[in-house]
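S.K.: Spelled out from the first residue to the last, the chains are:
2 protein chains.
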Amino acid sequence: MKKFSFEEIGGSVTAPQGFRAAGVFCDIKRLGTGKGSNKGVKRDLALIVSDATAAVAGTFTTNRVCAAPVKLCLERVAGGRAQAIVVNSGNANACTGRQGLRDVAAMARMAAEACGGGISAREVLVASTGRIGVPLPMAQVRKGIVEAARRLAGGPEAARDACEAIMTSDTRPKGICVEFMLGGKNIRLGGIAKGAGMIQPGMSQTGNRPALRPLHATMLCFLTTDAAVEGKFLQTALNEAVAKSFNRITVDGDMSTNDTVLILANGRAGNAPPGARAKEGRDFQAALDHVTLALAKKIVLDGEGASRFVTVRVTGAGSAGDADAAARAVANSALVRTSWCGGDPNWGRILCALGYSVAEVVENKIDVGYSQPGQREVLYSLKRGCPTGVSFGALCRCTTSPAFDLHINLHLGSGAAVIYAADLTEAYVDFNKGDVNDPSSLGG
Amino acid sequence: MKKFSFEEIGGSVTAPQGFRAAGVFCDIKRLGTGKGSNKGVKRDLALIVSDATAAVAGTFTTNRVCAAPVKLCLERVAGGRAQAIVVNSGNANACTGRQGLRDVAAMARMAAEACGGGISAREVLVASTGRIGVPLPMAQVRKGIVEAARRLAGGPEAARDACEAIMTSDTRPKGICVEFMLGGKNIRLGGIAKGAGMIQPGMSQTGNRPALRPLHATMLCFLTTDAAVEGKFLQTALNEAVAKSFNRITVDGDMSTNDTVLILANGRAGNAPPGARAKEGRDFQAALDHVTLALAKKIVLDGEGASRFVTVRVTGAGSAGDADAAARAVANSALVRTSWCGGDPNWGRILCALGYSVAEVVENKIDVGYSQPGQREVLYSLKRGCPTGVSFGALCRCTTSPAFDLHINLHLGSGAAVIYAADLTEAYVDFNKGDVNDPSSLGG
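Sequence lines, in order, name chains Z and F. The first sequence begins at 1192 in the working numbering and counts up by one. The second sequence begins at 1192 in the working numbering and counts up by one.
To be clear, the hints were calculated from the coordinates, so they are not data collected in a lab. Watch out, some of these pointers could steer you wrong.
Listed below are the simulated SDA-like cross-link pairs for lysine to any residue, each with C-alpha atoms no more than 25 Å apart in a straight line [said to hold, decoys possible]:
{"hint": "1", "chain 1": "F", "residue 1": "K1233", "chain 2": "F", "residue 2": "R1333"}
{"hint": "2", "chain 1": "Z", "residue 1": "K1556", "chain 2": "F", "residue 2": "L1265"}
{"hint": "3", "chain 1": "F", "residue 1": "K1262", "chain 2": "Z", "residue 2": "Q1290"}
{"hint": "4", "chain 1": "Z", "residue 1": "K1574", "chain 2": "F", "residue 2": "K1262"}
{"hint": "5", "chain 1": "Z", "residue 1": "K1556", "chain 2": "F", "residue 2": "K1262"}
{"hint": "6", "chain 1": "Z", "residue 1": "K1262", "chain 2": "F", "residue 2": "K1556"}
{"hint": "7", "chain 1": "F", "residue 1": "K1556", "chain 2": "Z", "residue 2": "A1296"}
{"hint": "8", "chain 1": "F", "residue 1": "K1574", "chain 2": "Z", "residue 2": "R1255"}
{"hint": "9", "chain 1": "Z", "residue 1": "K1423", "chain 2": "Z", "residue 2": "G1580"}
{"hint": "10", "chain 1": "Z", "residue 1": "K1488", "chain 2": "Z", "residue 2": "H1598"}
{"hint": "11", "chain 1": "Z", "residue 1": "K1470", "chain 2": "Z", "residue 2": "M1372"}
{"hint": "12", "chain 1": "F", "residue 1": "K1574", "chain 2": "Z", "residue 2": "Q1290"}
{"hint": "13", "chain 1": "Z", "residue 1": "K1556", "chain 2": "F", "residue 2": "Q1290"}
{"hint": "14", "chain 1": "Z", "residue 1": "K1574", "chain 2": "F", "residue 2": "K1233"}
{"hint": "15", "chain 1": "Z", "residue 1": "K1556", "chain 2": "F", "residue 2": "R1333"}
{"hint": "16", "chain 1": "Z", "residue 1": "K1262", "chain 2": "F", "residue 2": "K1574"}
{"hint": "17", "chain 1": "Z", "residue 1": "K1423", "chain 2": "Z", "residue 2": "A1477"}
{"hint": "18", "chain 1": "F", "residue 1": "K1574", "chain 2": "Z", "residue 2": "K1470"}
{"hint": "19", "chain 1": "F", "residue 1": "K1556", "chain 2": "Z", "residue 2": "L1292"}
{"hint": "20", "chain 1": "F", "residue 1": "K1556", "chain 2": "Z", "residue 2": "G1288"}
{"hint": "21", "chain 1": "F", "residue 1": "K1262", "chain 2": "Z", "residue 2": "P1578"}
{"hint": "22", "chain 1": "F", "residue 1": "K1262", "chain 2": "Z", "residue 2": "K1470"}
{"hint": "23", "chain 1": "F", "residue 1": "K1262", "chain 2": "Z", "residue 2": "K1423"}
{"hint": "24", "chain 1": "Z", "residue 1": "K1262", "chain 2": "F", "residue 2": "P1578"}
{"hint": "25", "chain 1": "Z", "residue 1": "K1556", "chain 2": "F", "residue 2": "R1289"}
This is chain Z alone, in the form it adopts within the complex:
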C-alpha cells in the first residue's frame, strides 16, 4: 500500500476549488475593543463562501456561558449542510441576551441576501470574537457584510484579508493549506485561525462537556476542502482532529465563551466519499490532523505576551485522564509559567504543580527532563525524584530557547498526554490590565 503523503502549498481557505472569501473593515473593532484593534490591521468582518452547498461539521466551546453565534451554529451544524460563514472580530456577541440571538440570526440573513445566488439563510454560519457584553453595532455589521459580499474572490489575497479580519490581539494572520490525493483525485484542505488570549479551548460537537474536560480562548478556526466527505464522517474526523490539536493548547487557562471550529467540504474535487475505516478515511484524517495541529501551534506561538512555546509531555500516568490533569496543572501554574518566562529550568515548581493536580503522583517516581523540540536527546534534571548531575548551564540552554519540550514521566502506568503551552510574561499582564481612564482599552 502506498504511503500517504501531503504537501503544504501556499494559500488557505480559498485554495480548495469553489471557495471564495473576503475581509473588510466596517468599524466594529473601534467600537468594540481598543487594545484588540491591532492598529495597522483594522479589518473586522470576514466572509467565506462555497459555490455550492457543502457538508459541514463543527466543534464549540463547552463554557456554560456561550455566545449567541455558538448557539446558532450548534443548531445549524446539526443540519449537516452549509454554504457560507460570516465572522466578525471586535465584538463577541456574548452575554448579550435575546438581542444577541436576534442579531446573529440577522447576520446570517444579511449574508445570504448579500451573497445572492440562492444561498439559504439557514445555510449561513456565524462566529464572533472580541469584547463580551456589548451589543453588536448592526448598522456597521450590515455595511461590512454588503461590502464583503461585493469583494468575494478566490486566490490567496482574499483569503489573507479574511484571515486578518478575524484577528483580535493576534499579531499575525494564521493560515495553511495542504494538497493530497484521495481516491485518485487531487484534494485541497485549507484553514485560517485566530487566538491570542482567553485560550484554553475545551470544545465538543454538541457544546456539552466530554468526560475529559479541558479547562478553558477565543480561538476560531475555519476550514475548507473540495473533498467530497459524508457529513457524519466529517464530524467524527473533526472531533478527533480537535481533540489532538485545539483542545491540547493553553495560553492563559481561560476557556472562552466563543471557541468555534467549522469545516465545509463542498465535494468539488469529485472524489468518492471516504469511509472511516478505509485507507482514504485514514488519509483524510491525517491531512486534517496536520492542518489543525499546525494552526493550534500557531495560536500558542502568537499567544498574548508569549515569549516561549513549551510542549509539556506527560507519560507514565495511571490513566489518560491523570496524564491530562498533570500536564494541564503544570501548563497553567502561574509559578511554572513565570519560571519559563525567565528561562529557568526550575523543577521544584513543576513537582509542586504535579502534587496539587488531581492526578495520582508519587514524588520519588517522577522524572523531569528537557529537550529541543523534535530532538531525541532529553536532558533530565530529575530522575525518580532525585536531582541528576546534569549542569544548570546545560538545562538553561534548553529552557532559554524560544521553544522547548518538557518531559515528565510519572512511572505509574501508561497514560500519556501532550499540552502546548506558553509562558506568563509582564507583557501579558500589561496588555490585559487595560486602563480605566480609556475604557476602549479594556479587553473582552
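Add chain F to chain Z, keeping to what the hints say.
M.R.: Chain F only, in chain Z's frame:
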C-alpha cells in the same frame, strides 16, 4: 447569657503565659534563595517554646508532593502533645528524599538539646519554607538553633524576631494576639504567619484531601495559647478555623508543598478545658476564628506583587461545592486577575470564568456587583445576566480601591462561599521569573 467579647492586644506568640521565642540569622537564606532573602531582614531560623508540654493540633498541605517537615509533623501531631516548634526560611526541605527526612529529625533533636530543660525530641515540631529541592545546610541550621535557644525570651521583641525569621518574599511580619475570658480565667491566643507566593492552601488535619478540595502557597502559621484545651477539641476547632480562613485564600492558585498551621495550648491560664458544645467551646472557637482569619487576610494583602485585595462572595449556588468552585474559578482566572490589576470592573471575564468552572451556572440568572469592604450598598453591573444602568465611573470607584468586594449571585440555590484573592501584576511576574544568570535569584 453574657455576649462573648475579645480584645486585640499587642504582641503575638509570646503574649500568652509560658511561651518564649527567638529569631536569628544563620545564613540559610543566602544559601537557599536569593530574591526571597528580603535583604534588610535576614533572620531565617525561629524557635517557639512552651515552658511545659502542651496540647497540639495542626493542619497540613494536601499536595501529594509534601515536604519532609510536613511528614514529620503529621506523625508527631497525631501524638497530641508538643513543647517546641523550630522553623527555618530560605529552604523548604521539599523534594529532598531520605536526606530531607534525616535532616528534619536532626533539627528536632538539635532543638530539644539546645533548649535543655528536659524537652523531648519527639515533642519538637518542625516547619520549613523557601527553595524546593535543595538539601538543608545543616551546619548553619545547627548554629542557628543553638543561637536561637540562647536568645529565647518572652515579650513582643522576641516574638517579632521569630516572625521575621519565617518570612520569605513577605514584605512585612504578620502577627496578632487576642485576650478574652474563658471559665473565669484571662486567656491569650497569639499567632504569627507568613505567605507571599505559592499561595492557595488546601490543608487538612491528615494531609489527605477533603471532598471540597481547595487547589493550591507556602503559608505557615504558628499559634500559641495559655488556655487549657483538650487535644481532640483543639484539633476540631483548628480544622474549623482553617476551613474558614487559610483554606479560603489564594494569591496565585499554586498550592505549596509546605503549608502548615500549628497550635500549642499549654494550659497555664488554669481554666477548665472547654467542651465543643458548651458556651466556652464556642467562645474559644470565635477567638481562634478571629486570629486565623486576620492572619489569612494579612497573607493576601502582602501577596507577591499584589496591589488589590478582592473578596469574592458567591451566593445562590446549587451547592456549597459549586459556590466554592465558582469563587475559585473567578479568583484564579488570569484574565479576571489582570483586569483587577487595572481596576477594571469587567464582568465579561467574570461570566466567562463562571461558565468554565465546574459549577452549574445559568447565564441569564447571574448578578455581578461591587461594594466597598464591609459596606451594605452593592453596585450591580449585571442583574439576571443583563447590564444595569450603573455607570462605569461609579463601578470604577469601587474597583480602583485597594480593596473591594465582588458579589456574585447565581440564583440557583443556597450554596455560598467566600474567597480572599489578589490581583495579578507585572510585579508578580518580574519577581518570579528570576534571572538564570543569577541562579540565586531563582525562586522555590
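S.K.: Hint check: K1556 (chain F) vs G1288 (chain Z), CA-CA at most 25 Å. Holds or violated?
M.R.: 11 Å, holds
S.K.: Given the hint that K1574 (chain F) pairs with Q1290 (chain Z), test it: the Cα-Cα distance must not exceed 25 Å.
M.R.: 16 Å, holds
S.K.: Between the alpha carbons of K1262 (chain F) and Q1290 (chain Z), is the straight-line distance 25 Å or under?
M.R.: Answer violated: K1262 (chain F) to Q1290 (chain Z) is near 58 Å, above 25 Å.
S.K.: Could you grab the alpha-carbon distance between K1262 (chain Z) and K1556 (chain F) and see if it respects the 25 Å cut-off?
M.R.: Roughly 18 Å separates the two Cα atoms, so the pair holds.
S.K.: Taking only the CA atoms, is the gap from K1262 (chain F) to P1578 (chain Z) under or equal to 25 Å?
M.R.: 20 Å, holds
S.K.: Can the restraint linking K1262 (chain Z) and K1574 (chain F) be considered satisfied, given a maximum Cα separation of 25 Å?
M.R.: Holds, at about 22 Å.
S.K.: Take a quick look at whether K1488 (chain Z) and H1598 (chain Z) sit within 25 Å of each other, Cα to Cα.
M.R.: 18 Å, holds
S.K.: Against the 25 Å threshold, does the CA-CA distance of K1470 (chain Z) and M1372 (chain Z) hold or violate the hint?
M.R.: It holds: about 12 Å lies between the C-alpha atoms, which stays within 25 Å.
S.K.: Take a quick look at whether K1556 (chain Z) and L1265 (chain F) sit within 25 Å of each other, Cα to Cα.
M.R.: Within the cut-off at roughly 22 Å; holds.
S.K.: Against the 25 Å threshold, does the CA-CA distance of K1262 (chain Z) and P1578 (chain F) hold or violate the hint?
M.R.: Judged against 25 Å, a Cα distance of about 20 Å means the pair holds.
S.K.: Tell me if the straight-line CA distance from K1423 (chain Z) to A1477 (chain Z) falls inside 25 Å.
M.R.: 17 Å, holds
S.K.: Check whether the Cα positions of K1556 (chain Z) and Q1290 (chain F) lie no farther apart than 25 Å.
M.R.: Distance of about 16 Å is within 25 Å: holds.
Hint violations for this structure: numbers 3, 9, 14, 15, 18, 22, 23, all remaining hints satisfied.
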